[in-house]
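The lines below spell out each chain.
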Amino acid sequence: MPPIDMAEYPIRVLVAKVGLDGHDRGVKVVARALRDAGMEVIYTGLHRTPEQVIASAVQEDVDAIGVSLLSGAHMTLLPRLLELMRQQGVGDKVLIAGGVMPDEDVVALKAMGVADILGQNTPPATIVATVERLVRQRQATQL
Amino acid sequence: MRATGAATGLAQGVLAGEVGAIARMITRVERGALDGADDVAELYRAGGRARVVGVTGPAGAGKSTLVAALGAEMRRRNLTLGIVAVDPSSPYSGGSVLGDRVRMQALWDDPEVFIRSMATHGALGGIARATEDAVAVLDASGKDVVVVETVGVGQDEVEIAYASHSVVVVSAPGLGDDVQALKAGLLETADVHVVNKADRAGADRTVAELRTMLAFGAGQGWIAPVLPTCAETGQGVTDLADALNRHHDWLVASGGMPERQRAMARHRLKTLLTALVHQRLDRPVPGSAFETAVEALCRRTTDPWTAAHSLLDGDLRGRPKGRS
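Line order of the protein sequences matches chains A and B. With positions in the first sequence counted from 1, the corresponding number in this note's numbering is that position plus 275. With positions in the second sequence counted from 1, the corresponding number in this note's numbering is that position plus 1184.
Heads up, a few of these hints could be off.
In silico SDA-like pairs for lysine to any residue, Cα to Cα no more than 25 Å straight-line [what the hints assert, rightly or not]: (1) A:K303 to A:D391; (2) A:K303 to B:S1248; (3) A:K385 to A:L409; (4) B:K1454 to B:V1469; (5) A:K303 to B:G1306; (6) A:K303 to B:A1290; (7) A:K303 to B:Q1289; (8) A:K303 to B:P1272; (9) A:K303 to B:G1244; (10) A:K303 to B:S1274; (11) A:K303 to A:L352; (12) A:K303 to B:E1341.
Pulled from the structure, derived: some chain B residues nowhere near chain A, Cβ distances all over 12 Å [as the list claims (entries may be wrong)]: (13) G1204; (14) G1244; (15) R1261; (16) L1263; (17) S1280; (18) A1307; (19) L1308; (20) D1328; (21) Q1339; (22) G1405; (23) E1416; (24) V1436; (25) H1462; (26) T1476.
By construction, these hints were calculated from the structure, which means they are not laboratory data. Cβ coordinates follow ideal geometry from the N, Cα and C atoms, glycine included.
Work the whole structure out from these sequences, hints included.
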């Protein structure tokens, strides 16, 4: 049987809203854009805990986790997500954050292991391209 | 990447009930990567213990919410649980938004519940091609009950009846009259009928119409109960769990269980065989028996029926008989 060609299969992405943040319009636009790019999007709804997000990401075996944060709690929640990912043995999944955060926080979060941070003005096509690039990079290192 | 060594490790992980191993095994199943792997047999040998419950019905009837409420009830009864929730793929992009999990958040913090969302990828029967294998993985992992939630279905997507021990058909009030209730197809597959959103106007009438329809066929073994539920509040869900237990007991006591299991095995083998035939035909091999038969048909030295039967009796990819 031929080897599994990862590029043949749709990318699986979990998109989540974490914590006390009721703004889900942006994350729905992102879910739609990823869907229209042929990806499988698992939408998890509002007010999730980091533990719930990572538990879901493990069960769904997603390639990437996209977290939308507009609450200002990114310096608490994103490091917690990274910590849980490592604890659950899925530190290799791509964690991408979106929303509004100061430049110095972006630098710090990327240094901690957040794969990319897409600000509120990022066009959907850029989001799609970023997810694709980061996931394919990850798959290439796994083969 | 035919890493059979690693795969065996993965199967061991599944058998030990490790969440990460179950998840990766289901991914392999979805990608068709179980074919020929050493560990498939191991998984199938270990399975066969879980009760498989199918939940089907039209979009918006409340299937996901009902599965969440039923799952919580099963957890109260100390049963471990796997859920496979199927949602449609886009016919345009092939992508999907899998949103059933959102309704099941009450189960997310429970380590004894494994929920997996799955896209149909163009399959038309209400479940995905990999759904039954995902059920087999969850079964092998030791779950007591595996619930399969189909996509929202209409009248004719009844594959779940061949993929589960008990089928729950979820209706909602206001979607049809007594003639709809009489039609062939989906409603016939029900082992248990649920009229969800029973707090809404017209629910009593829907329950009555279904009961009337079922009374016409009374006296033929199991009679599907019609249960009003309100999945959001949990009303009626205990009755549903009880009814599923009764159906299971009836299958065992009446001797219907082996028959049901045989029907499931037959369906699984049939769909897989059909898929493999398609796969082979989609990849033409020059000089194969198939291509030879194509040529013969062009020259009109055979007819399509004779050629097709002789191909079925032989090997679709191999050399034609008597010429190897």
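We went through each hint and held it up to the structure:
1. A:K303 to A:D391: holds, 19 Å
2. A:K303 to B:S1248: Holds. A:K303 to B:S1248 sits at ~20 Å (cutoff 25 Å).
3. A:K385 to A:L409: Measuring from Cα to Cα gives roughly 13 Å; hence the hint holds.
4. B:K1454 to B:V1469: Holds - the C-alpha atoms of B:V1469 and B:K1454 are around 24 Å apart, at most 25 Å.
5. A:K303 to B:G1306: holds, 23 Å
6. A:K303 to B:A1290: Holds, at about 22 Å.
7. A:K303 to B:Q1289: holds, 18 Å
8. A:K303 to B:P1272: holds, 17 Å
9. A:K303 to B:G1244: holds, 19 Å
10. A:K303 to B:S1274: Holds - the C-alpha atoms of B:S1274 and A:K303 are around 16 Å apart, at most 25 Å.
11. A:K303 to A:L352: Judged against 25 Å, a Cα distance of about 20 Å means the pair holds.
12. A:K303 to B:E1341: violated, 29 Å
13. G1204: violated, 6 Å
14. G1244: holds, 17 Å
15. R1261: holds, 22 Å
16. L1263: holds, 18 Å
17. S1280: The claim is violated: B:S1280 sits with its nearest Cβ about 5 Å from chain A, within 12 Å.
18. A1307: Fine: 14 Å to the nearest Cβ keeps B:A1307 off the interface.
19. L1308: Non-interface label on B:L1308 holds, nearest chain A Cβ at 18 Å vs cutoff 12 Å.
20. D1328: It holds; B:D1328 is separated from chain A by about 17 Å at its closest Cβ, greater than 12 Å.
21. Q1339: Its Cβ never comes within 12 Å of chain A, the nearest being 27 Å, so this holds.
22. G1405: Nearest chain A Cβ is 38 Å from B:G1405, so the label holds.
23. E1416: holds, 15 Å
24. V1436: Non-interface label stands for B:V1436: nearest chain A Cβ at 31 Å, farther than 12 Å.
25. H1462: holds, 16 Å
26. T1476: At about 24 Å from chain A, B:T1476 clears the 12 Å cut-off, so the statement holds.
Taken one by one, the earlier hints fail for this structure at numbers 12, 13, 17, listed in ascending order.
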